[in-house]
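S.K.: One letter stands for each residue in the lines below.
Number of protein chains: 2
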Amino acid sequence: MPKSSFRGEIMPASPIRKLVPLSDKAKEQGIKVYHLNIGQPDLPTPAIALEALRNIDRTTLEYSPSDGIKSYREKLVEYYSRFDIHVAAEDIIVTTGGSEAVLFSFMSCLDSGDEIIVPEPAYANYMAFAISSGAIIKAIPSTIEEGFALPSVEKFEALITERTKGILICNPNNPSGYLYSSDEMNLIRDLVKKYDLFLFSDEVYREFCYSSERPYISSFHLEGIEENTILIDSVSKRYSECGIRIGALITKNSDVRKAVMKFCQARLSPPLIGQLIAEASLDAPAEYMENIYSEYVERRNFLIAGINRIPGCYSPMPAGAFYTMARLPVDDADKFCAWCLSDFSYQNQTIFMAPGSGFYTKPELGFNQVRIAYVLNKTDLAAALLVLEKALEAYPGRKL
Amino acid sequence: MPKSSFRGEIMPASPIRKLVPLSDKAKEQGIKVYHLNIGQPDLPTPAIALEALRNIDRTTLEYSPSDGIKSYREKLVEYYSRFDIHVAAEDIIVTTGGSEAVLFSFMSCLDSGDEIIVPEPAYANYMAFAISSGAIIKAIPSTIEEGFALPSVEKFEALITERTKGILICNPNNPSGYLYSSDEMNLIRDLVKKYDLFLFSDEVYREFCYSSERPYISSFHLEGIEENTILIDSVSKRYSECGIRIGALITKNSDVRKAVMKFCQARLSPPLIGQLIAEASLDAPAEYMENIYSEYVERRNFLIAGINRIPGCYSPMPAGAFYTMARLPVDDADKFCAWCLSDFSYQNQTIFMAPGSGFYTKPELGFNQVRIAYVLNKTDLAAALLVLEKALEAYPGRKL
Numbered sequence: 157m158p159k160s161s162f163r164g165e166i167m168p169a170s171p172i173r174k175l176v177p178l179s180d181k182a183k184e185q186g187i188k189v190y191h192l193n194i195g196q197p198d199l200p201t202p203a204i205a206l207e208a209l210r211n212i213d214r215t216t217l218e219y220s221p222s223d224g225i226k227s228y229r230e231k232l233v234e235y236y237s238r239f240d241i242h243v244a245a246e247d248i249i250v251t252t253g254g255s256e257a258v259l260f261s262f263m264s265c266l267d268s269g270d271e272i273i274v275p276e277p278a279y280a281n282y283m284a285f286a287i288s289s290g291a292i293i294k295a296i297p298s299t300i301e302e303g304f305a306l307p308s309v310e311k312f313e314a315l316i317t318e319r320t321k322g323i324l325i326c327n328p329n330n331p332s333g334y335l336y337s338s339d340e341m342n343l344i345r346d347l348v349k350k351y352d353l354f355l356f357s358d359e360v361y362r363e364f365c366y367s368s369e370r371p372y373i374s375s376f377h378l379e380g381i382e383e384n385t386i387l388i389d390s391v392s393k394r395y396s397e398c399g400i401r402i403g404a405l406i407t408k409n410s411d412v413r414k415a416v417m418k419f420c421q422a423r424l425s426p427p428l429i430g431q432l433i434a435e436a437s438l439d440a441p442a443e444y445m446e447n448i449y450s451e452y453v454e455r456r457n458f459l460i461a462g463i464n465r466i467p468g469c470y471s472p473m474p475a476g477a478f479y480t481m482a483r484l485p486v487d488d489a490d491k492f493c494a495w496c497l498s499d500f501s502y503q504n505q506t507i508f509m510a511p512g513s514g515f516y517t518k519p520e521l522g523f524n525q526v527r528i529a530y531v532l533n534k535t536d537l538a539a540a541l542l543v544l545e546k547a548l549e550a551y552p553g554r555k556l
Numbered sequence: 157m158p159k160s161s162f163r164g165e166i167m168p169a170s171p172i173r174k175l176v177p178l179s180d181k182a183k184e185q186g187i188k189v190y191h192l193n194i195g196q197p198d199l200p201t202p203a204i205a206l207e208a209l210r211n212i213d214r215t216t217l218e219y220s221p222s223d224g225i226k227s228y229r230e231k232l233v234e235y236y237s238r239f240d241i242h243v244a245a246e247d248i249i250v251t252t253g254g255s256e257a258v259l260f261s262f263m264s265c266l267d268s269g270d271e272i273i274v275p276e277p278a279y280a281n282y283m284a285f286a287i288s289s290g291a292i293i294k295a296i297p298s299t300i301e302e303g304f305a306l307p308s309v310e311k312f313e314a315l316i317t318e319r320t321k322g323i324l325i326c327n328p329n330n331p332s333g334y335l336y337s338s339d340e341m342n343l344i345r346d347l348v349k350k351y352d353l354f355l356f357s358d359e360v361y362r363e364f365c366y367s368s369e370r371p372y373i374s375s376f377h378l379e380g381i382e383e384n385t386i387l388i389d390s391v392s393k394r395y396s397e398c399g400i401r402i403g404a405l406i407t408k409n410s411d412v413r414k415a416v417m418k419f420c421q422a423r424l425s426p427p428l429i430g431q432l433i434a435e436a437s438l439d440a441p442a443e444y445m446e447n448i449y450s451e452y453v454e455r456r457n458f459l460i461a462g463i464n465r466i467p468g469c470y471s472p473m474p475a476g477a478f479y480t481m482a483r484l485p486v487d488d489a490d491k492f493c494a495w496c497l498s499d500f501s502y503q504n505q506t507i508f509m510a511p512g513s514g515f516y517t518k519p520e521l522g523f524n525q526v527r528i529a530y531v532l533n534k535t536d537l538a539a540a541l542l543v544l545e546k547a548l549e550a551y552p553g554r555k556l
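Keeping their order, the protein sequence lines are chains V and Z.
All letters in the first sequence, in the order written, are residues 157 to 556 by the numbering used here.
All letters in the second sequence, in the order written, are residues 157 to 556 by the numbering used here.
Any given hint might turn out to be false.
Output of the computed footprint for chain V on chain Z, the stretches with three or more beta carbons under 8 Å from beta carbons of chain V [as the list claims (entries may be wrong)]:
| no. | stretch |
| --- | --- |
| 1 | 193 to 200 |
| 2 | 352 to 358 |
| 3 | 439 to 450 |
Okay, derived cross-link-like pairs now, DSS-like style, lysine-lysine, Cα gap no bigger than 25 Å in a straight line [stated by the list, open to error]:
| no. | chain 1 | residue 1 | chain 2 | residue 2 |
| --- | --- | --- | --- | --- |
| 4 | V | K231 | V | K491 |
| 5 | Z | K491 | V | K518 |
| 6 | V | K159 | Z | K491 |
| 7 | V | K294 | Z | K159 |
| 8 | Z | K226 | V | K226 |
| 9 | Z | K350 | V | K183 |
| 10 | Z | K294 | V | K159 |
| 11 | V | K159 | Z | K518 |
| 12 | Z | K518 | V | K188 |
| 13 | V | K491 | V | K414 |
| 14 | V | K414 | Z | K226 |
| 15 | V | K414 | Z | K349 |
| 16 | Z | K414 | V | K414 |
| 17 | Z | K408 | V | K181 |
Calculated from the structure, these hints are not laboratory results.
Since we're looking at a predicted model, the values are computed, not measured.
Think of the CB as a built atom: it goes at the ideal place given N, C-alpha and C, for glycine as much as any other residue.
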């Protein structure tokens, strides 16, 4: 029997999904599992998008263009202009989820052995896509004590080598909820300019920025690096339509676009129906986004206060996205998260959290952290917080 | 401005899609373009699938499991059993199109520098996915003169090195329409067994086998290599629903499955709505497939006879799929295909064919060949054949 590849072996399992078998088992035993592990909002997809879905009137569900349906790309131009991001339809390539935009940008910009600098904790799948493309992630850890602020310029420069090809940021950040300040974004811009790097900028949570003092700054707002910037986007989170798998890769670098298009052609086309839904979603009324926004603000305030009330727990206040990295009084968050699913329940309920280790290249840096997504309604969040408190009381590896 | 990767540079543009800009231009000028280039059937998606689409009654379009919806995978078990392919639901991983199944099988089985042997002409995108994964394709050319029959075992063995990890076949074949005989399949089985190789077997056209003497043989019918086999599948062609992007990777090799699942988790999930449509498609009545089948048989007979009637043109009779590789009396099929779109029209119509060079690792082997897809109705095929004949008469690089 032939063996799988070394690449397949070193690929990390997703910290967000790897415990699914334990969760399935708990559910089979009739235990209610609160999913704090995954950024799967319980909020409705815009009505106008669901209506578009019901009204699809085609007899053949054919391929769409490799770079996406033109009318959708044109409509995205207007969407981005609302955020003062000025791009042309031909700068936009529609992808199968934001995931594919990350994969194709790595494939198109990085060769095997090339390096990118990524502030940590970071979205675990960046590592998976780096391994897929043979690129190497050089991590710069940020700390929970400093609220996950960007490390100093010296720490970045210490990592720059001849193989450094880019910096990757996620803003607002998954998993920490951190939102970069104007000073921090300028620091990144200066580095990108000085060393002529790519700036891979994942901005899928731009709608979810909660700080009045700290506005969202897109990488496309930074002057002088227009052709260095590759914006990664997705409609999944903002319209609560993760399942349609529609994202985008946006760049003014024509050389990169040309390479990306070859990867796009190889996979033929992004999902047709997803694009029809995404296009309709852009017409969601302002109240839709306002409601979603205030809901997340409430959930965030409720969750963070709740975490910080539990003895030994700590979470900074995230300024964006819908996650937080929290510190728990445990010996090993991987063990604790698995234990919650396999060995614990409170009033026939338990919680599914993503262990922090998977968001760091050095897993020990997240040994007592978990990522919690506040994608459940407040009643469920309250129940989940109670389960967390009771679990921590019962957990044999508790470390106060 | 930073440069794209070397990988991005050497990625081939799709021979099927690279001339799209010329075709768009012709259309802008009001010229009717017959698409013989792409396997995009004009036949309807099953009514039962379209009905399922209209009846989707969800308020949140959420992620599905990384390996696909369980009920769909279970239903596929029954579908495969109709072809005497016996697999369990856990052997099946749902992918975003057959393309992703190819990519993930390469990523999971091959490391950079590993080699796979592929009979040519071959589906151009295998090369693109090999480049994505750093694997090397060692091609064995089959010839139009021999009707694209499998080369001898000696030719295979001459290519086997320490880095050889697998053989890839597409059966029935895209682009040649060739269908492997029982002897040929046994030859492949013996090689796979002797050298403990992977057998990547793309069988997306299994419904389209037209020879009463030569039945479809799946790689899963071959005894003794059950754990070497990786079946690549897609619903795109059989249900005329290329746009939903649903495929599958099927293997009994648990080591490979484990690796594939990590790539699946990284991209989160295959399209939700596509899976709902694919699941419904499995219930298409027998008449649906019978009608589609007889339609393709008729189109094939009509097209091949038509090609062979044009002076200097030749096509073998394909026994499967819905393509043929035809030889044309031209100096350079790349030039001729481009010229048809940019410099020629007959009664305000022209044709879009895929140049043969893109289906060979040595492009010169296909210099006077084109791939023609018979996915248009007979009226359109007749018109396209007339345009081809007139184009060949007018083409300055004609070589009789």
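S.K.: Each hint should be assessed against the structure and marked as holding or not.
M.R.: Here's how the hints hold up against the structure:
no., hint, result
1, 193 to 200, "holds (count 6)"
2, 352 to 358, "holds (count 3)"
3, 439 to 450, "violated (count 0)"
4, V/K231 to V/K491, "violated (46 Å)"
5, Z/K491 to V/K518, "violated (54 Å)"
6, V/K159 to Z/K491, "violated (44 Å)"
7, V/K294 to Z/K159, "holds (20 Å)"
8, Z/K226 to V/K226, "violated (34 Å)"
9, Z/K350 to V/K183, "violated (45 Å)"
10, Z/K294 to V/K159, "holds (20 Å)"
11, V/K159 to Z/K518, "violated (30 Å)"
12, Z/K518 to V/K188, "violated (59 Å)"
13, V/K491 to V/K414, "violated (45 Å)"
14, V/K414 to Z/K226, "violated (38 Å)"
15, V/K414 to Z/K349, "violated (41 Å)"
16, Z/K414 to V/K414, "violated (34 Å)"
17, Z/K408 to V/K181, "holds (23 Å)"
The structure does not agree with the numbered hints 3, 4, 5, 6, 8, 9, 11, 12, 13, 14, 15 and 16 stated previously, though it agrees with the rest.
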